[in-house]
Amino acid sequence: MLVLRRKPGEAVMIGETIEVQVLGVEGDTVKLGFSAPQNIQIMRKELMESILQENLKAGKNQIDQSQLLHLLNRFTK
Amino acid sequence: MDDMNQTASSKDAIRTVNSRAYGSFQVTESQIYHFPRGLIGLHEFKDFALIQVDDGPFHILHALNDELSFILLPAHLGAENYGFQIDRPTVELLAIRQPEDVNTFLIVNAIDDELFVNLKAPVLAAPGSRRGCQFVIDDPAYPIRHPLIRKEGS
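So the sequences go chain by chain: A and B. Sequential numbering from -13 applies to the first sequence in the working numbering. Sequential numbering from -8 applies to the second sequence in the working numbering.
Keep in mind that the hints were calculated from the coordinates and are not lab data. Incorrect hints may have been included.
So the derived label-pair ranges between C-beta atoms look like this [to be verified]:
hint, chain 1, residue 1, chain 2, residue 2, range
1, A, R(-9), B, R6, 45 to 55 Å
2, B, D3, A, D14, 57 to 67 Å
3, B, D104, A, V(-2), 46 to 56 Å
4, A, K46, B, G47, 19 to 29 Å
5, A, A(-3), B, D46, 47 to 57 Å
6, B, I5, A, A(-3), 42 to 52 Å
7, A, K(-7), B, S15, 55 to 65 Å
8, B, A132, A, E(-4), 31 to 41 Å
9, A, L9, B, R11, 43 to 53 Å
10, B, A132, A, R(-8), 27 to 37 Å
11, B, D104, A, K46, 16 to 26 Å
12, B, R121, A, E12, 41 to 51 Å
13, B, S15, A, E12, 51 to 61 Å
14, B, P131, A, G10, 21 to 31 Å
Ideal Cβ placement from N, Cα and C applies to all residues, glycine included.
Chain A with its partners taken away, still in its complex shape (with noise of 0.2 Å):
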């Protein structure tokens, strides 16, 4: 892992196009600034990792689903 120090007004760049600035530190919170393409989603880790295994139990349980699907279809008639 890369460690730089920072001060508050400062920023790191990722690649040519992703830009994180230190706006400021407040006790033990920093407060970050984030600039990237729009195909670069940014959000807090572990929201990303919650949403992940919520996709991956609705995503990868294939044979599951299309018996579901079934039974969702009859409970909607």
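Dock chain B against chain A, hints included.
Showing chain B alone in chain A's frame:
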């Protein structure tokens, strides 16, 4: 849109999707959506078929080349008073001009015989541009697991 309904007649079909769960089916160009960001945590899958199931409310979002698929429900059927702002990069990504240009779907998940929908990260699909994305709503009121409850009489 009528041409989004069900699988394609052989005349318009441009693509066959082979699925262990749903068998082999054909799709038209209008049913194929490009997801430039992929889905969250699943960035390697960028092209999907979006198919309405038997004229019912449910849709299948199936990766074109992989055994990855989701059951989707139009958002208004899965949650009441559901609304959110789409940020500018997402508007540009979907190439839309107004809210009517995009359809919002919730991913359905079955956990221990109960059905849930993901209100936190809906799937947005724009028929005009045939682009889609999974959008994360920055609102703590929307959970990843919201119970799907059938409305009486609907």
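Results of checking the hints against the structure:
| no. | hint | verdict |
| --- | --- | --- |
| 1 | A/R(-9) / B/R6: 45 to 55 Å | holds, 52 Å |
| 2 | B/D3 / A/D14: 57 to 67 Å | holds, 59 Å |
| 3 | B/D104 / A/V(-2): 46 to 56 Å | holds, 48 Å |
| 4 | A/K46 / B/G47: 19 to 29 Å | holds, 23 Å |
| 5 | A/A(-3) / B/D46: 47 to 57 Å | holds, 53 Å |
| 6 | B/I5 / A/A(-3): 42 to 52 Å | holds, 46 Å |
| 7 | A/K(-7) / B/S15: 55 to 65 Å | holds, 59 Å |
| 8 | B/A132 / A/E(-4): 31 to 41 Å | holds, 35 Å |
| 9 | A/L9 / B/R11: 43 to 53 Å | holds, 48 Å |
| 10 | B/A132 / A/R(-8): 27 to 37 Å | holds, 34 Å |
| 11 | B/D104 / A/K46: 16 to 26 Å | holds, 18 Å |
| 12 | B/R121 / A/E12: 41 to 51 Å | holds, 45 Å |
| 13 | B/S15 / A/E12: 51 to 61 Å | holds, 57 Å |
| 14 | B/P131 / A/G10: 21 to 31 Å | holds, 23 Å |
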